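Enquirer: Single-letter residue listing:
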Amino acid sequence: MTPAAGTTFLQSINQALREEMLADPDVYVLGEDVAVGGPYGATRGLAEEFGEHRVINTPISEGTVVGLAIGAALQGLRPVVEIMFVDFITLALDQLVNHGAKLRYMSGGQLKVPLTIRTMFGVSGGWGAHHSQSLEAWLAHVPGLKVVMPSTACEAGALLRAAIRDDNPVLFMEHRGLYWTKDDQAEPTTIESTLGTARVRRPGRDVTVVATGRMVSTALRAAERLSAEGVEIEVVDPRTLSPLDLDTLAASVRKTGRAVIAHEAVVQGGIGGELVAQLQLAVFDYLEAPILRVGAPFAPVPAGEQLEAAFVPDEHSIIAAVRSCLGRA
Amino acid sequence: MDKQTAASLLDTMYLIRAFEEKVSELYAKLEIRGLLHLGIGQEAVAAAVCSFLDRDDLLYSSHRAHGHCLAKGGDPRRLLAELAGKANGYCGGKGGSMHISAPEVGFMTATGVVGGTIPLALGSALFCRERRPGRIAVVFFGDGAMNMGAFQESLNIASLWKLPLLFVCENNGYAEFTPISAHTLVERASEHAAVYHIPTVTVDGNDLLAVLQAVEPAVARARSGDGPSLVECLTYRMRGHYEGDPSKYRELSELQEWKSKDPVARFVAWAIDAGLLDETERDAIEAAARSKVEAAADFAREGPVPERDAVSRGVYA
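Taken in sequence, the protein lines are chains A and B.
Using the numbering used here, read the first sequence as starting at 1 and increasing by one per residue.
Using the numbering used here, read the second sequence as starting at 1 and increasing by one per residue.
Source of the hints: derived by calculation from the structure; they are not laboratory data.
Given the structure is predicted, the values throughout are model-derived calculations rather than measurements.
Check before you lean on any hint, since a few could be wrong.
Unchecked claim - Partial list, computed: chain A residues near chain B (C-beta under 10 Å):
1) Ile70
2) Lys102
3) Ser107
Claimed, not checked - The calculated lysine-lysine pairs, modelled on DSBU-like cross-linking and capped at a C-alpha distance of 35 Å, are:
4) B:Lys162 with B:Lys29
5) B:Lys259 with B:Lys3
6) B:Lys248 with B:Lys3
7) B:Lys248 with B:Lys261
8) B:Lys261 with A:Lys112
9) B:Lys3 with A:Lys112
C-beta: ideal position from N, C-alpha, C; glycine also.
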């Protein structure tokens, strides 16, 4: 069901977990501290309601816990693992990339891995280089994985439910900076319509801004400012980075003739490069200007307040890129 | 042990031996390719462990997987066809030697990553605990895996959660080209298990009877929900780390010494002595195994090549 108005992103995640656990006894939740609600309450109440045999606290052993969840999924359980920060997915990459992602293919279709990994990512609060990264491009590079990145409270719940119902390993990336945000109004979002589909968040005629995660709200703020000077940008949220809904993105750029890709990850090797490559092939004849990218500088995430602010792209970064696209300095 | 059991165990060991020798031959003749790790010399471990397992028990293997798959009931024809990259192989030619999967007989998967299947086996054991009490998961790994974090983490979790799991370490004394003495001071997997309060024993892995004796209570313990055990089998691979490995890191004398401890010959001698087998029966069992493997080679040779566009199909469920 659609979360009520005033529901936060975090509450929407919590509700989605609860609803899927109610609907399907094969849904299990595993991770560090999940039985006590996790660091911010995403799993709050689940252990009390469903028991600690289904909401399982694990040791700090990310690699083995992800492997264990894959092994359970191979047998038909639908585990939802919480990796507290995506920075720690590095510890589980062997299991996830070499086993979870590939077992479907390597087995010639005999096995499937209905696994969801929820993980926090992104910069906020000065948490520094080990608790703030955006590693979605690494994961979207792996055949067999799906990568989902919600940007609103309502969609977070719907996308998570779709991820849990999916028969493939899905990385579900939650920007910490969105956890306490609420949607302006409750949006009826069907589960089926979300996974693998992009969404136009604000229509516009001049430049398409493809934004992911928290950069969607940043782009919407940029849109307000640009609108005041007569520039209407169209903000499109891919929502799923793999598989990518190129059709919706391309349709937008065919209309506007210009595009900016905005993400919080470092630009070099980021998902923006892939989007640019796929878009230019799809819409080359429609392009009035090169597609530009907005993202973080090629550096680890710094901890101090001023340096952190310098690291994260903001609406001014997007506005500057949009103006550049339009040939205005 | 009765005559039938002895014959069945010997049948499994001969099947593995004949299969691996055929693989070696076909590799030398360039009929099959890839990175192949043969289990000649380690047959007793696979045969003994799998003799306690049913089809519904869930088995995970290492990179040296052929024998485990056959012992679990895998079809030698589909296994060899997979090694040959054919469409009629278990994985349609997509897996190969190190990624065999035969879930229809409870052989879940092998792995190209040392220690990589250990966490997976924990998950399948969790499934057994939750959904199929009495069923168990089993994982084979080598001494090289002892130094992987995944092994240590898995011992901890399996012990903590009392998972219905059997760890089987095939300690063949070498991690690839490096003798165990050069990569750890803790040379026994059972030492690691004991640290995590897991019942454990180290046995002569080339003595089928010793392996049977060690595995039986461990399997019973897992089935009854009392938690994991670790059985360590000291053994030796008679071929290189991989097929084609010149094995310059070990002395010929060492190879000769282990040849005298051949697990198949030892069991045959014991069984004949115990009156469970005679020479004629032995010959018949070996001949039947070799004939099965010849049929497998024909099946693989005649199998269709996968369609070219299968390369990008089946990535997602």
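Enquirer: Please go over all the hints and tell whether each is borne out by the structure.
Expert: So, going through the hints one by one against the coordinates:
Interface hint status for A:Ile70: upheld, as the beta-carbon distance to the closest one in chain B is roughly 6 Å, under 10 Å. Taking 10 Å as the C-beta cut-off, the interface hint given for A:Lys102 holds, the closest approach to chain B being about 8 Å. Interface restraint check: A:Ser107 against chain B, minimum CB-CB distance 4 Å, threshold 10 Å, status holds. Pair hint B:Lys162 plus B:Lys29 does not hold up; C-alpha atoms about 48 Å apart against a cutoff of 35 Å.
For a cut-off of 35 Å, the pair hint linking B:Lys259 to B:Lys3 stands: about 26 Å separates their Cα positions. Restraint check for B:Lys248 and B:Lys3: the C-alpha separation of about 42 Å exceeds 35 Å, so the hint is violated. With a CA separation close to 21 Å, the supplied pair B:Lys248 and B:Lys261 stays within the 35 Å bound. The hinted pair formed by B:Lys261 and A:Lys112 fails the criterion: a straight-line CA distance of about 42 Å is larger than 35 Å.
Distance restraint check for B:Lys3 and A:Lys112: the Cα-Cα separation of roughly 41 Å exceeds the 35 Å cut-off, and the hinted pair is therefore not satisfied.
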